[in-house]
Amino acid sequence: MTGNNPIIRLENLVKRFDGATVLDGVSLDIRDGEFLTILGPSGCGKTTILRIIAGFETPDQGRVHLDGQPLNDLPANQRRVNTVFQSYALFPHMTVRENLAFGLKMNKVSRREAERRIDDALDMVDLSHLARRYPDRLSGGQQQRVAIARAVVNNPLALLLDEPLSALDAKLRKRMQVQLKHMCRELGMTFVFVTHDQEEAFAMSDRVVVMNEGRIEQVGTPEEVYEEPVNMFVARFVGETTILDGSVVSKERETLHAMVEGKACELETARDFLPGEAIKIVLRPEDIIVEQETDSEHALWLPGTVRDTVYKGSTWDMVIALDSGKDVLVTEFFNEDDERIWHKSGDRVMVSWYKGWEVVLPDEDVTAL
Amino acid sequence: MRRLGAAARLVPVYLFLYLPIIVLVIFSFNSSKYSTAWRGFTWKWYGKLLGNEQLIDAALNSLTVAVLAATLATSLGTLLAVALYRYKFQGKSAVKAGVFVIMMSPDIVMGVSLLLLFMLLGMQPGFWPLLLAHTTFCIPFVTATVMSRLKGFDPHLIEAAEDLYAGEYRTFRHVILPMCLPAVFAGWLLSFTLSMDDVIISFFVTGPDFDILPLRIYAMVRMGVKPDVNALSAIMVGITVCLVFTYQLLMRKKK
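So the sequences go chain by chain: A and B. Position 204 of the first sequence, counting from 1, maps to 204 under this note's numbering, and the rest follow consecutively. Position 151 of the second sequence, counting from 1, maps to 151 under this note's numbering, and the rest follow consecutively.
It is worth saying that the hints were derived from the structure and are not from the lab. There may be inaccurate statements among the hints.
[As the list claims (entries may be wrong)] Over 12 Å on every C-beta distance to chain B, these chain A residues come out as not near it, computed from the model: (1) 29; (2) 32; (3) 92; (4) 98; (5) 162; (6) 178; (7) 183; (8) 219; (9) 227; (10) 245; (11) 261; (12) 274; (13) 276; (14) 325.
[Said to hold, decoys possible] So the derived label-pair ranges between C-beta atoms look like this: (15) 98(B) - 11(A): 55 to 61 Å; (16) 172(A) - 247(B): 49 to 55 Å; (17) 247(A) - 151(B): 56 to 62 Å; (18) 16(B) - 19(A): 24 to 30 Å; (19) 107(A) - 109(B): 36 to 42 Å; (20) 15(B) - 111(A): 56 to 62 Å; (21) 168(B) - 357(A): 56 to 62 Å; (22) 172(A) - 243(B): 43 to 49 Å; (23) 126(A) - 94(B): 48 to 54 Å; (24) 172(A) - 168(B): 35 to 41 Å; (25) 126(A) - 105(B): 25 to 31 Å.
On a predicted model such as this, the values are computed, not experimentally measured, just so you know. Cβ atoms here follow ideal geometry from the backbone N, Cα and C, with glycine treated the same way.
Please model the entire structure based on the sequences and the hints provided.
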């Protein structure tokens, strides 16, 4: 299972393209055997990290270590990592089998050993019956599996995957996510996966690295990143959020007395805040409670009107317009035994959240000024 | 019906393109020696060609030069195309522009300048200057053909090869070359054709002891078009058709 010694260590990587800084001091330890996802919007530098590890780009500053060895001066063809490209990049003039054999041949693996490994890899991705086909006679999903097999067959120290699922349809994508995660466990191989899709990242990863504008914003398990975002960027980028404005009145230990949307309430946070500081309260759709009457259990009740309701099968989503002008996203899970009334569009409701589930962050827009 | 209409529209275009060649082929079988009037079918001009040693010699010379020049130009032009596609280097855009300047520059200028160069180098007009000249003007065409093919590739293919432990040479040998092979063949055939029918540049650089077909024909025509020239031209058309056909077959197999 997941070990603790880093198989890949990135030290303070800086990369500029034509004066634009793409990576701005990225340091990261990737553990042996883990499924790590680098998540971020397009242009945040996530693909560049992968390309630096693979050896297609040279960092302007900083160092890369693979299995304790410095990698900087090693050309791409001598690094024991393999890449699954977004476009798959299968060799069109070779059959599936020849594609898989390429790396082994270049690496001078003995013929018998190569044959055995190719058979295993084809078996793993369930493509043995298509081994003699050329890539242009395969479906997108099949090509994708060939690309994965072609990389895995070399038994690399780490597998680098650059948004490999983005060209697949939603259903196939879900299936591949499960399969990839399974493969990572089965092979005990380190997977470094790059995506802009947060759901995809959460579905597969042991740890998620959230990136923005060439910097790492947060590293953590999917739960940590989702439930304890360290700043507004992560909060907004990962999952649906409702963000309320507030300001600090006073703080005693973990309890923060604050004004939120114009009302006094108590919040829980481990962070330090100064009285008067502007804050944001981040709430997830499932943190929120909607009632028609208030009770005293929850500190703050905000009045609003239900604007939209969306039936999603397992959940019931709502958008509630607060009287203070904010929109709140709510997800309620169906419960057969629940006698709760399902609200309709136009209903007047009171909104609160489960105490302690909120995340309190400094208002960066204000502090930046 | 619609298909028929499309075909009907193509007929005039193809007639326009091929009428001269059809006329030429027909007249190569005309038994009349001087006039353009039809005097009955004959093979005799073809027979006469075979007896014309001077002409056969010129044809063999032309073939030799065309094959060698096309092969040289294809090797160099392909390497140039790959270099321009793969690497970043100082003055790359100048090199790229230079390729097209050679392609577009008038033959007469090329001819004169090559003659001047060979004179300065002290080379006697003949086989070697001719081969060098033909190689020179064929290279850009090969480069352009191969480059257009390379540009159609997924650039990640080369990275994939490197990622799978192939070095520079093996990436070229096992990935780049096989993938642009059809374009390399096309470049070779193009060079062969260009070399076979070049008159102007050859005129400047070859000497009296190395006669080539286009110049031979040119000399023959100066005294009026003779039916044996028609026959010779018909043979050349035939060869061209075969080459095009071969090329098409090769391309289909590659797909």
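Outcome of the hint check:
1. The beta carbon of residue 29(A) is kept farther than 12 Å from every beta carbon of chain B, the shortest such distance being approximately 23 Å.
2. For residue 32(A), the shortest C-beta to C-beta distance to chain B comes to about 21 Å, beyond the 12 Å cut-off, and the non-interface label holds.
3. For residue 92(A), the non-interface assignment is contradicted: its Cβ lies about 7 Å from the closest Cβ of chain B, within the 12 Å cut-off.
4. Some Cβ of chain B comes within 12 Å of the Cβ of residue 98(A); the nearest lies about 10 Å off, and the non-interface call is violated.
5. The beta carbon of residue 162(A) sits about 9 Å from the closest Cβ of chain B, which is not more than 12 Å, so the claim that it is off the interface is violated.
6. Every beta carbon of chain B lies more than 12 Å from that of residue 178(A), the smallest distance being close to 25 Å; the non-interface claim holds.
7. Listed as a non-interface residue, residue 183(A) keeps its Cβ farther than 12 Å from every Cβ of chain B; the least gap is roughly 18 Å.
8. Its beta-carbon lying about 26 Å from the closest one in chain B, residue 219(A) satisfies the requirement of being farther than 12 Å from that chain.
9. The claim that residue 227(A) lies off the interface holds: its Cβ sits roughly 37 Å from the closest Cβ of chain B, which is beyond the 12 Å cut-off.
10. Every beta carbon of chain B lies more than 12 Å from that of residue 245(A), the smallest distance being close to 46 Å; the non-interface claim holds.
11. The beta carbon of residue 261(A) is kept farther than 12 Å from every beta carbon of chain B, the shortest such distance being approximately 50 Å.
12. With a least beta-carbon separation of about 51 Å from chain B, residue 274(A) lies farther than 12 Å from that chain, consistent with its non-interface assignment.
13. Distance check for residue 276(A) against chain B: the nearest CB is about 53 Å away, which clears 12 Å, and the non-interface claim stands.
14. In this structure residue 325(A) is separated from chain B by more than 12 Å, as the shortest Cβ-Cβ distance comes to about 48 Å.
15. As the Cβ distance of residue 98(B) to residue 11(A) is approximately 44 Å, the hint placing it in 55 to 61 Å is violated.
16. The hinted window of 49 to 55 Å between residue 172(A) and residue 247(B) is violated, with their beta carbons roughly 40 Å apart.
17. Our hint of 56 to 62 Å for residue 247(A) and residue 151(B) holds, since their Cβ atoms are close to 58 Å apart.
18. Separation of residue 16(B) from residue 19(A) is about 55 Å and departs from the stated range, judged on CB atoms against 24 to 30 Å.
19. Restraint check, residue 107(A) to residue 109(B): a C-beta distance of roughly 52 Å breaks the suggested window 36 to 42 Å.
20. The hint said 56 to 62 Å for the Cβ distance between residue 15(B) and residue 111(A), and at roughly 59 Å that hint holds.
21. A hinted range of 56 to 62 Å for the beta carbons of residue 168(B) and residue 357(A) is consistent with their spacing of about 57 Å.
22. Look at residue 172(A) against residue 243(B): about 46 Å separates their beta carbons, and that is inside 43 to 49 Å.
23. At about 52 Å, the beta-carbon gap between residue 126(A) and residue 94(B) stays in the expected band of 48 to 54 Å.
24. As the Cβ distance of residue 172(A) to residue 168(B) is approximately 37 Å, the hint placing it in 35 to 41 Å holds.
25. The beta-carbon spacing between residue 126(A) and residue 105(B), approximately 58 Å, falls outside the hinted interval of 25 to 31 Å.
Violation of the numbered hints given earlier is confined to hints 3, 4, 5, 15, 16, 18, 19 and 25; the remaining hints are satisfied by the structure.
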